[in-house]
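Undergrad: Given next are the chains, with one letter for each unit.
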Amino acid sequence: MNPLKILSEKEKNEIIEKLNGQFGIKNIPGKIITRGRERLFLYSGNLGDGQIKKLEEIAFLERVGSYFAKMEESEEQIRLSIEGAQVLQNQITKNIFEIPEELVEEWMKGNELNIKTELRGFVIIKYKNDFLGTGKASENKISNFIPKNRRLKEKSN
Amino acid sequence: MRQNYTPKPLFVERMKELLGKAEFGRYKKAIEKPVLKSLRVNTLKISIEELKKKLEAKEWKISQPFKKNPEIFIVEGKYSIEKKSEYNPVSDGRIVEGQIKRTDLQKKLVDLEPGELGRALEHMLGYYYLQEIASMLPAIVLSPKKNDLVLDLCAAPGSKTTQMAAMMENRGTIIANDSKLDRIKILASNLERCGVTNAIITRTDGIPLCRKMKEENFLFDKILVDAPCSGEGTIRSSKKTLLMWNINTVNSLSKVQKKLLESAIEILKTNGEIVYSTCTHAPEENEEVLDFILRKFPNVRMEKIFIPVKIRSGISKWKDREYLEDVTYSCRIYPHVSDTEGFFIAKLRRAR
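Protein sequences appear in the order of chains Z and X.
Throughout the first sequence, residue numbering follows my numbering, covering 1 to 157 in sequence.
Throughout the second sequence, residue numbering follows my numbering, covering 1001 to 1352 in sequence.
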């Protein structure tokens, strides 16, 4: 498994800059931790970098904080997870797609939305006060990234 | 083929000895009843009022049984709208064909469908956690504060970790440990769904973890030891426990529990607190563990605890063993007393 990395202030600011460009986000309330190149974790606890490193020597650290975003390196963009969108919801000011009520269930079942919008690239899906993760808008559709274990399921008979 | 869930004779004998014959009858009736459908609002993501509104808009009937813990909801059922037509009776009581007097819409409370609580959008979005009421009590007793450093030694599947993170408003730090990878995956998934960002998940056996932490002087304000146990308290929701139960497991778990709690006490700060809990009634896994600890650590004291359900005090004698008097500060939670699952909770403080 890849080693744990606590991003420096400079690296964190680069992430914030991207998130600002995409969604208007100006602040990440905690440390950003990575393990590998893509998945970003948010840790809002009060342990310092030294204490986390010390803990890593004591025990195998499966996770530090919660997964909140993924670097899409090929596109130089960041995709927020459902939790990422929820945690940062008060700061999100652009690239929001307000989903109509009749499409909420389709979206939460993991289906792409066949819908034309002016938006392009990663968009935050929102229904009233609920933030439903991130989609990717192209000319005729919005692709869905809801992970399988978070999708609404048909009731089992 | 239908399974035979008849309790083993030794289990019945022990429960009768614990409760007395008359009370055992009430206990037996209580474990036949399904558990209440309870959930805990995840205040990291939504306010209590807002979730209540959302769930009531789905026609779910919600009650909040505890004034001091309004985040605990019981879903009593859902309202189904039924159309009821009545013919217009003429004055002598005869019904005249084709004549309808009124059509009433009647609200009737019905049970939720199986799995409906877990399938709801609000659950998928992490607005609530499905948790039995008794299982919410250890975290309420430990009551971690915003800047505490907390160890949840046997954390999976994460019900109490997510509860404590909410109490701490995602501040401080929770080290959430478990030893098995499959359980860690469920723990990680639950912490993520609930938006817990102040937790660090470690995967190590609890006893060596505590030993290494002690060597490194990594000490905690509060520790939860929700120990692996024989699960006698879970019979109401899982009858399979009756099939798996045997006295050898009780005795071997008792040894593990003593080691776990002993190890955890070693990494508690002065004046720090530990909550020890199990979901079993067996005194070997409960009072006997506490008695062992109190005799071994003269600087550790039992604390009186207050919880929002009816309880019984811990016992001071079982079979040929007499326990220290302070052990009775612990709480026994029985299905027929509190209308929950069975649990055992004790709080200890390290004095110096």
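Misleading hints may appear alongside valid ones.
[Unchecked claim] Heads up, simulated PhoX-like pairs for lysine-lysine below, C-alpha to C-alpha not over 25 Å straight-line:
{"no.": "1", "chain 1": "Z", "residue 1": "K116", "chain 2": "Z", "residue 2": "K136"}
{"no.": "2", "chain 1": "Z", "residue 1": "K54", "chain 2": "X", "residue 2": "K1146"}
{"no.": "3", "chain 1": "Z", "residue 1": "K53", "chain 2": "X", "residue 2": "K1185"}
Don't read these hints as lab results, they were simulated from the structure.
Undergrad: All the hints need checking, so say for each whether the structure fits it.
TA: Against the structure, the hints come out as follows:
1. For the hint pairing K116(Z) with K136(Z), the CA-to-CA distance comes to about 12 Å; that is within 25 Å, so the pair holds.
2. Distance restraint check for K54(Z) and K1146(X): the Cα-Cα separation of roughly 22 Å lies within the 25 Å cut-off, and the hinted pair is therefore satisfied.
3. This hinted pair checks out: K53(Z) and K1185(X) have alpha carbons roughly 22 Å apart, not beyond 25 Å.
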